[in-house]
Amino acid sequence: MVNESDSNGRWAYSEDSAKVVKKPWGKEVWINYRESENVGDEEKLYVMKKLYMEKGTKTSFQYHTQKVETNFILKGTIEAYFENDTGSIEKKVVGAGAIWTIPNGRKHRMNCLTDVVFMEASTPEVDDVIRVGDEYGRGDGRIQSEHE
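Counting along the sequence shown from 1, when you hit position 120 you're at 1117 in our numbering, and nothing is skipped either side.
Distance windows between CB atoms, simulated:
| hint | residue 1 | residue 2 | range |
| --- | --- | --- | --- |
| 1 | 1011 | 1085 | 38 to 48 Å |
| 2 | 1063 | 1134 | 17 to 27 Å |
| 3 | 1012 | 1083 | 35 to 45 Å |
Keep in mind the hints are simulated off the structure, nothing from the lab. Idealized CB from N, CA, C, for every residue including glycine.
Full structure from sequences and hints, please.
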């Protein structure tokens, strides 16, 4: 466990002290947000998350009006669905080491073929989610029960 500090307080911490958001497909660990900090998402210049997804699950088919995200798979294999420049939906199977960026306005989804761990770096609009389709019955935006 990493917990180092300097004269200004804690500056290095472990994953277990980061914010965890429970999802129907697994969980998100918000790397640059801690429950003990009095700084909200809207004040951040960027967001970094580590996501854990279970085999056989999928994200909602979604897009963001403002948010831009870059994903990096650390472990596992997914089917990635994304809207290309012409508006068609493409499917690619990608695994550990794959990196891609999803511009705002582009529909996308991930289906987990195995258990998956990946990093997501994004602009700070974390509640900017328009769900076109969701197997778990969730609506748009923040699902408050996932944050409790």
